[in-house]
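Chemist: Given next are the chains, with one letter for each unit.
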Amino acid sequence: MDAVNHLINGFALALSPTNLVMAFFGVFLGTLIGVLPGLGVSSTIAILIPLTAVLSPSSGIIIMAGIYYGAQYGGSTSSILINIPGEVSAVPTLLDGYPLSQQGRAGPALGIAAIASFFAGTTGLFGLTFLAPILADQALLFGPPEYFGLMVLALTVMVSLSGESLLRGLLVGTFGYLISLVGIGHTTAFPRFCYGAVALAGGFDLISISIGIFAVAEVFTGIGESRVMISAKKIDNVFPSLREIKQTLPAMLRGGTVGFLLGLLPGCAPAVTTFLAYDLEKKVSKHPERFGKGAMEGVASPEAANNATSSSGFIPLMALGIPCSPPLAILLGGLMIYGLQPGPLLFEQHPDFVWTVIASMYIGNVMLLILNLPLVGFWARLTRVPYGVLGPIILVISVVGTYSLRNNMFDVTTSLIFGAIGYVMRKYDWPTVPLVLCIILGPLVEKSLVQSLAMSDGSPMIFFTRPICLGLLIAALLLLIVSLRLMRVTEEKVKS
Amino acid sequence: MRTKFLAGFLFAAWILAALANVGYGAEPSYPTRQMQLVVAGGAGGGTDVVARAFAQFVSKKLGQQILVVNKPGGGTVVGTHYGLKEARPDGYSFHTDTHACSSMMVAGMLTPPATLEDRVFIARVIVDSMVFAVKADAPWKTFRELTEWVKAHPKELTYGAGGPAGTSAYGVNDWLSNVGLNPLDARLVTTDSGMDALVKVAGGHTILACNTVAEAYTLAQAGKIRVLAVASDKRSPFMPDVPTVAENGLPPVRVSWWAGVSAPRGTPQYAVDRWAKALEEVSKDPAFLQQVQNLHYTVLYLGPAEFKDFVHKETEHYTQIATKVGVRK
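Chains as they are written, first to last, in my numbering: chain A, 483 to 978; chain B, 83 to 411.
By construction, these hints were calculated from the structure, which means they are not laboratory data. Do not take every clue at face value.
Okay, derived cross-link-like pairs now, SDA-like style, lysine to any residue, Cα gap no bigger than 20 angstroms in a straight line [what the hints assert, rightly or not]:
hint	chain 1	residue 1	chain 2	residue 2
1	B	K411	A	Y677
2	B	K411	A	F672
3	B	K237	A	D939
4	B	K366	B	L382
5	B	K167	A	N889
6	B	K237	A	L935
7	B	K411	A	N889
Partial list, computed: chain A residues near chain B (C-beta under 10 angstroms) [to be verified]:
hint	residue
8	I529
9	T534
10	S538
11	F624
12	I666
13	P748
14	P798
15	L802
16	P868
Glycine included, each C-beta is placed from N, C-alpha and C at the ideal position.
Start from the sequences, fold in the hints, and give me the full structure.
Modeler: Written as structure tokens, this is what we have:
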């Protein structure tokens, strides 16, 4: 139990007044960034890197890590309350979170999100504490064919997110895939559908489209129906009941497990993880028809997945120096500036540093829970603000958020246009989620397919000769069958 | 009457002030406000980390804030267009120049977003060498052995690279054509980043990676990859045990990674001079040197004239490779 001794030492150092203040500062800033869409975790950490010149290594990294996992907590707030996904990974949260807000249950939804985040974040940290060296190497086993298998598996989620008409879902998905093609092609480095415009060469930003299709379209809809406020019902209780927590606990566990395992894989987009967690929950649920209309499990599961991912991402980062996501890449840069070389030697040469940071993440997760729960009541009241006031504010946040993505008006225009598209789609009952899902998955499927075929010199046998890949493809097939069956069952239930 | 007089007086004063400005020479006090340094890439990438170090240290020398502006997208196309063509050449906007926004881009694209003539070269500050790496338990112990194996199995080599016109691809192309092989026989697996290419090698999914010392250092230390050779004249101080390509008895591979600062064409000379001087001082600053060393880069300063010459020569070399391999489009 070497790890326990180290961790106790780490706690002793992490509980020093300076480090406590640093952890608080980090998670507070992270929450703020998570709540405000557009302002990315990556840019915030990058901007703070000069701080490393004045702070000690552990203090500096404690702040940066705090921002990183803190943002995952805050990310759910804007999704649930006002349908703005700050990060693409927050899209599954809003599918049920926002309907809950409309039913006057924003408080319990936010509470469950915070508890799920805490639960999964902390469980993920146990994994980091005790299993880091074993798990880090497993991440290397995933090559392009395995990612291809995983992405095909993720594509089956399309079925359960298409709503009533699978055909419409597939059409919308195809449209999404076409949009994802615009820009410099990943494999050829050749511009596609750019028509000579430099702005198009950069492609469409996924977050600007998500904000458009969810938040902006929602405001347009609100104007259309002259909505008075988000929640028509009176707010009964601000906190989730003990029963609700108990009911969603299995969802947190499942979502957290999915998030933790997929979080180990570099290059597996967090959005893929949360979508898979959400889909899994819908599949195991006895009432899949409730999903999308305000199922508490639909909030708990993706939020747990999100935060488990942020904990497990530290495993390949610290053990091998492999960053699984852009913010972690910057964190890696921060470590290097301090002269701390990640890898097995980091644990041997700088145990104090490593374990102080890990201990501070346990502490930070507790702080986040304490920080977020009292705010729930305040946020929940936002849903009773007159829509004439709130609507324009949501639009302003959307515009500022999309602009700050790449400091580019192009993204603002994109989100407004997709707001209009989203409005029309909702009006005529077309599903919008497959659009976002295919924009996420399209490039990933294409990339892993082309990479795999380059490895095998064009032979598709590569997908069937590698055990992990084959297993994933079989699982995808099974999931597809289950999804189609489930769809029929749900239809019958709705009819009767 | 009075207002008219006042207006006339103000006008005269304004003319005088303007004349005075001209009279005191072409060099206004500079810089008088915040400047921007454009990065053609996202926050946290290799170029971004370097640009933030430039901004931090140059800002101290010039006494004004320098805002790092990230313009990711389309490889480096969007950012390079923004930094060199859209930005105003008023001495307050600068571009973090790299091989990927200059020599390599001009060599790889028939219509690049910015040509070499679209910029004023200020200084090159940081360089890094490319290394060739295979999986830690791969059968090849030296670069020579790998070369012999590729000669025997020219169609079986797989390697990771950001694209057919990126640093890694140029490195592999240069090596293969130097030893008389057709680079197009090798299988290029496109990767997201240098780290991604190395992770694929560490996991045994591709055979070879050609990336920078800084990128390869961590996985080499962790014992997941074996670095076979470094593509530079001398061994890297960070990997003293790794021989150069020439030490393996092979023709040298002339591809390198570098970062410096350029400005849009038309930027006033005084601004260029101030920045060149500031960057020269920065590249001797011990704190800066330490930071760069921690990132496993090397500081090697080139002033405006030498920098321009360097990039032009490199562009010629890359254009040759690109034309030969047929990636110029």
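Chemist: Each hint: holds or not?
Modeler: Against the structure, the hints come out as follows:
Restraint check for B/K411 and A/Y677: the C-alpha separation of about 16 angstroms stays at or below 20 angstroms, so the hint holds. For the suggested pair B/K411 and A/F672, the alpha carbons sit about 8 angstroms apart, so the restraint of at most 20 angstroms is met. Annotation: proposed proximity of B/K237 to A/D939 holds, straight-line Cα distance about 9 angstroms (limit 20 angstroms). The suggested pairing of B/K366 with B/L382 holds, with an alpha-carbon distance near 10 angstroms, which does not exceed 20 angstroms.
This hinted pair checks out: B/K167 and A/N889 have alpha carbons roughly 16 angstroms apart, not beyond 20 angstroms. Taken as a hint, the B/K237 and A/L935 pair is honoured in the structure, with Cα atoms around 14 angstroms apart against an allowance of 20 angstroms. Between B/K411 and A/N889 the CA atoms are separated by roughly 29 angstroms; this puts the pair beyond 20 angstroms, and the hint is violated. Hint on A/I529 holds. Least Cβ distance to chain B is approximately 8 angstroms, under the 10 angstroms limit.
For A/T534, the suggested interface contact is upheld, since its CB lies about 9 angstroms from the closest CB of chain B, less than 10 angstroms. Residue-level restraint check for A/S538 is violated (minimum Cβ-Cβ distance to chain B is 15 angstroms; threshold 10 angstroms). Residue-level restraint check for A/F624 holds (minimum Cβ-Cβ distance to chain B is 7 angstroms; threshold 10 angstroms). Against a cut-off of 10 angstroms between C-beta atoms, the interface hint on A/I666 holds, since the closest Cβ of chain B lies about 4 angstroms away.
Of the supplied interface hints, the one on A/P748 holds, with its beta-carbon coming within about 6 angstroms of a beta-carbon of chain B, less than 10 angstroms. With a cut of 10 angstroms, the hint placing A/P798 at the interface with chain B holds, because the nearest CB-to-CB distance is about 9 angstroms. Below 10 angstroms, beta-carbon pairs count as interface contacts, and A/L802 has one with chain B at about 5 angstroms; its hint therefore holds. A hinted interface residue such as A/P868 counts as satisfied when its beta carbon comes closer than 10 angstroms to some beta carbon of chain B; here the least separation is about 38 angstroms, so the hint is violated.
The structure does not agree with the numbered hints 7, 10, 16 stated previously, though it agrees with the rest.
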